[in-house]
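Just so you know, we're using UniProt numbering here: the sequence shown kicks off at 1 and counts up by one.
Keep in mind that a hint or two might mislead.
As the list claims (entries may be wrong) - Below, a list of computed lysine-lysine pairs in the DSSO-like style, where the Cα atoms sit at most 30 Å apart:
#1 K67 to K17
#2 K28 to K17
#3 K61 to K22
#4 K17 to K61
#5 K28 to K109
#6 K98 to K22
Please keep in mind that the hints were generated in silico from the structure rather than gathered at the bench.
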Amino acid sequence: MGYAPLIQAYVSFLSAKLNFHKTHENFKANFDYEEYVSLKGVDDPNEGYESIFDLLMLLDKIDNLQKIIFSYLRPAANNECRISALVPLIEESYNIYKFLQSMLMAMHKSKKSVQQMY
């Protein structure tokens with residue numbers, strides 16, 4: 001098994017990430033919620049739901065890529081190159097998770113009742 005399928009999967013992920021940042025220009029690479037709110041300055045729940053959906057789709061791409069990486073690990077082989085691709089994925093998925101958590105908490109606090117969120 002060579003690296004071609006892994007490279008193809010990584011390029012697909014990078015393409016999805018670039019498309020995300022093209023659509024959501026106010027997102028910085030570190031997905032800092034406070035910085036996003038200060039740059040965006042919008043309190044539109046519909047836009048928040050759209051951003052959450054798109055971030056979850058990006059997390060799904062990260063999950064798919066890590067599954068592919070793990071499927072190409074070989075028991076008796078030198079896997080450092082394959083495993084090293086996981087480090088930025090872990091960091092990015094954690095930052096997205098923190099952002100989503102902050103955004104959902106802010107949306108919850110901004111609503112007087114849960115019924116308004118439906």
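Check your understanding: Which of the numbered hints are not met once you compare them with the structure shown?
Key -> Failing hints: none at all.
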